[in-house]
Amino acid sequence: YDKLRPDDVAEIVIRYPDKRDKLMVSSMLGTSGGSYFSLPRTVLAMRMAGLKRGEIKQITWENPKRFYNLPLD
Numbered sequence: 001y002d003k004l005r006p007d008d009v010a011e012i013v014i015r016y017p018d019k020r021d022k023l024m025v026s027s028m029l030g031t032s033g034g035s036y037f038s039l040p041r042t043v044l045a046m047r048m049a050g051l052k053r054g055e056i057k058q059i060t061w062e063n064p065k066r067f068y069n070l071p072l073d
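The numbers in the sequence shown follow the UniProt record's numbering, run straight up by one, and end at 73.
The set of hints was computed from the structure by calculation and includes no laboratory data.
Treat the hints with caution; some may be incorrect.
As the list claims (entries may be wrong) - Simulated crosslink set (EDC-like; lysine to aspartate or glutamate; CA at most 20 Å straight-line): (1) Lys57 / Glu11; (2) Lys19 / Asp7; (3) Lys52 / Glu11; (4) Lys52 / Asp21; (5) Lys22 / Asp8; (6) Lys65 / Asp7; (7) Lys57 / Asp73; (8) Lys19 / Glu62; (9) Lys57 / Asp8; (10) Lys52 / Asp18; (11) Lys52 / Asp8; (12) Lys22 / Asp7; (13) Lys19 / Asp73; (14) Lys3 / Asp73; (15) Lys22 / Glu11; (16) Lys65 / Glu55; (17) Lys52 / Glu62; (18) Lys22 / Glu55; (19) Lys57 / Asp18; (20) Lys19 / Glu55; (21) Lys52 / Asp7; (22) Lys19 / Asp8; (23) Lys57 / Asp21.
As the list claims (entries may be wrong) - DEER-style ranges, computed between Cβ atoms: (24) Pro71 / Lys3: 18 to 26 Å; (25) Asp8 / Pro71: 30 to 38 Å; (26) Asp21 / Asp73: 27 to 35 Å.
Quick caveat: nothing in here was measured; it's all calculated off a predicted structure.
All residues carry an ideal CB built from backbone N, CA and C; glycine is no exception.
Start from the sequences, fold in the hints, and give me the full structure.
Here's what the structure looks like:
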């Protein structure tokens, strides 16, 4: 995909629960004219789809932190 809509991301996360420890979201902001609100909209779509806060935090914070080896608490 070139660009996924927030609802598409939520659907993928729901469809593949066993992959949630490997999934992460990002935006193309600055390179393809992405919206400033693309990530918040994606978080909202995941929440509206029934994902729990911890599951969303894993995909939006914990997985990227681990992938990029960031020393953040």
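Evaluated hints:
no., hint, result
1, Lys57 / Glu11, "holds (16 Å)"
2, Lys19 / Asp7, "holds (18 Å)"
3, Lys52 / Glu11, "holds (14 Å)"
4, Lys52 / Asp21, "holds (14 Å)"
5, Lys22 / Asp8, "holds (17 Å)"
6, Lys65 / Asp7, "violated (23 Å)"
7, Lys57 / Asp73, "holds (13 Å)"
8, Lys19 / Glu62, "holds (14 Å)"
9, Lys57 / Asp8, "holds (18 Å)"
10, Lys52 / Asp18, "holds (15 Å)"
11, Lys52 / Asp8, "holds (17 Å)"
12, Lys22 / Asp7, "holds (19 Å)"
13, Lys19 / Asp73, "violated (23 Å)"
14, Lys3 / Asp73, "violated (30 Å)"
15, Lys22 / Glu11, "holds (16 Å)"
16, Lys65 / Glu55, "holds (15 Å)"
17, Lys52 / Glu62, "holds (14 Å)"
18, Lys22 / Glu55, "holds (12 Å)"
19, Lys57 / Asp18, "holds (16 Å)"
20, Lys19 / Glu55, "holds (11 Å)"
21, Lys52 / Asp7, "holds (16 Å)"
22, Lys19 / Asp8, "holds (16 Å)"
23, Lys57 / Asp21, "holds (11 Å)"
24, Pro71 / Lys3: 18 to 26 Å, "violated (31 Å)"
25, Asp8 / Pro71: 30 to 38 Å, "holds (32 Å)"
26, Asp21 / Asp73: 27 to 35 Å, "violated (19 Å)"
In summary, the structure is inconsistent with hints 6, 13, 14, 24, 26 from the numbered list given earlier, while agreeing with the others.
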